[in-house]
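Trainee: Generate the whole structure from the sequences, applying the supplied hints.
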Amino acid sequence: MIPREATRFLPEDHTLVVVEPHAPAREVLIRRFRAQGYRVIGLATTVEAATEALLHPPSAVIAPMWMSGFSGVQLCQLLKAEAATAHIPVVLTSPGEEHLGRLWAELSGASWASEGSMGALLRTVARSISAAPVGGGFFTILGDIDIRDRIAAELDRRLFESLLAAEVRSLAACESFERLFDQLSQLLSRVLPYAWLALSTDARDRLGVHACPEHRDAALAEARKATSAPDCEVLEVLDSDPRAPRSGDVILVAEISSGRTFLGTLAVSLAPSRHDGRAFFDLVARELALPMRVAMLVEEAYTLARTDPLTAVLNRRAFVERLAAMGNEGRGYALCYLDLDHFKAVNDRHGHAGGDLALKAVGRILRERSEAAGGLACRWGGEEFLFVLPGAGLEAGLREAERIREEIAAVVLHAPTGEDFAVRISAGLAVGLFSEPFEAVLTRADAMLYRAKDEGRDRVLAA
Amino acid sequence: MPYLKVLIVDDSQTVRDSVREVLTAVGICVIEAADGEEGRQLIDLTPDISVVLCDVNMPQMDGLSMLEQVKRHPEHAGLPILMLTTDGDPALVRRARDAGASGWIVKPFQDHLLLAAVRRVGQAGGQRAAK
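Chains A and B supply the protein sequences, listed in that same order.
The first sequence maps to residues 1 to 463 in my numbering.
The second sequence maps to residues 1001 to 1131 in my numbering.
You may find that some hints are simply not true.
In silico DSBU-like pairs for lysine-lysine, Cα to Cα no more than 30 Å straight-line [as the list claims (entries may be wrong)]: (1) Lys1107/B / Lys80/A; (2) Lys80/A / Lys1071/B; (3) Lys360/A / Lys344/A; (4) Lys1005/B / Lys1071/B.
Which residues of chain B face chain A? A few of them, derived with a C-beta cut under 10 Å, are [to be verified]: (5) Val1026; (6) Ile1105; (7) Pro1108; (8) Ala1124.
Stretches of chain B that chain A covers, calculated by requiring three or more beta carbons in the stretch to come under 8 Å of a beta carbon on chain A [stated by the list, open to error]: (9) 1087-1099; (10) 1109-1119.
None of these hints come from the bench; they were simulated from the model.
Even glycine gets a Cβ: it sits at the ideal position worked out from N, Cα and C.
Mentor: As structure tokens, this is what we get:
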């Protein structure tokens, strides 16, 4: 299709289909348009107009927005959906300065003109035709298919799409990637019977995969490839909703983005016979942007509110909450209270940037150990850290604390001044019960920390 | 009225017969193929075809694949092809338009509409060839 602006606009080159149920009013319209030079086909109903437009695609269709039978809005929806008429401008008219009518027309992909002003209508029609692309003359003859069924089917399809879009958008209430993916898979497996569904997040640090258990491995491999997420944390939803893969299945992939922000990738493996599959899939990918954005922002806010920004271990509030939540799981825990040795001297010698490096290194090792041993790590304040090992007694706690002390001492730090240095820690260890107040356990560990400092630092002492 | 030669590609003998009956009655020459592959070969071998009428669901090669292959060939890019099928799925109609079909006719067809459609695209195609 070439833009019509390349040639001069002459009404004589254009045929209009004009719908008006009231015969005298129709005659007035036809006369006015003919006076401009247009060829005009005047019709009484939208059904006749649709049949005519499909058979002989005109340059523009003009219809009242509201009328008995199918409305102008509904006619417009059909014309925009049909290959023969999708490019044809539609001008809808309604009485007066009806703001709702104008909005309705625009949302339907039509232009709007007031019924009261013939001049405005003529200008709108000429402008719409000039701006529209030239069609290739492609036409459709519907045979026995009733145009009313065709309009009704198109309206049903639009309604279904609106409802599906609303369902996908409502996933914004999930507020986490895990719940979002679980609910998305429940919804989408009913719309598109797939072999697997995959959703990766923007940094590709997480990948959700929905497949049936028997075909998990193959699905996972294909999903990783399709979303370009080869190595990341995988959230698996395995149940019998997805079907077995078949030869000839096609993989659809869509980027999910909100404005210029890339949020993730959605991919699905479908049977090729589903030719409406692409349309539904694209709709879901488009509407998924909002729920994805909400989930990412909520997760980020949650992490920020619970993490110490410098060391990336838990902050004090989050630590107390997590420890309280552990109370249901077992009897007791080992608590290690750590403090950097001579931290003031580190700051004095290597600057505050050097001090920050030391704190970050301690944070990194505590995180590694808490992940490896299933513990909790927290920056309690300043250069003081806590490490909790649930279920551990004195001996296991001591072993872990010693290991942490050694690993920290082994880290070589590069100060911005160019000097390499290392830091040491002292720690006090106490074993506590979930049934006693945390403060009491902390006091016992603190007393041991005090003694460790007193006895020359760089050591762990247990109560 | 210019001389028109129409190729009907359809796996149903009944459909081919009914198309032949309508078109030959007004002096249009009709040749036939029973599937997309045969249709494509006939198009290559018959330079004076004015219009192709083509079914969608056929064995060997379906109508849309035939359409896409023929239209990719520069020599046949201007040949008008009308799809003639019982299927009215809007997504398939869009695919046909995008591949360069001239129109989509849903079976069963009304004789006068089929004839008008063939004349319409046949004459436009003839003008294209003459230019």
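Trainee: For every hint, state whether the structure bears it out.
Mentor: Hints versus structure:
Between Lys1107/B and Lys80/A, the direct Cα distance comes to roughly 23 Å. Compliance with the 30 Å bound is thereby established for this hinted pair. Using a Cα cut-off of 30 Å, the hinted pair Lys80/A and Lys1071/B holds, with the two alpha carbons roughly 25 Å apart. For the hint linking Lys360/A to Lys344/A, the alpha-carbon distance of about 16 Å falls within 30 Å, and the restraint holds. Proximity of Lys1005/B to Lys1071/B is assessed by CA-CA distance (about 18 Å); at most 30 Å being required, the pair is judged to hold.
Annotation: Val1026/B was flagged as interfacial toward chain A, and the flag is violated, the nearest CB pair being 18 Å apart, outside 10 Å. The interface hint given for Ile1105/B holds, since its Cβ lies 4 Å from the closest Cβ of chain A, which is under the 10 Å cut-off. At about 6 Å, the closest approach between the beta carbon of Pro1108/B and any beta carbon in chain A falls short of 10 Å, and the interface hint on this residue holds. Proximity of Ala1124/B to chain A holds as hinted, the smallest CB-CB distance being about 7 Å (cut-off 10 Å).
Coverage of the stretch 1087-1099 of chain B by chain A holds in this model, with 10 residues showing a Cβ closer than 8 Å to a Cβ of that chain against a need of three. Three residues within the 8 Å Cβ limit are the bar, and the stretch 1109-1119 of chain B against chain A gives 5, so the coverage statement holds.
Checked against the numbered hints above, the structure breaks only hint 5 and satisfies the rest.
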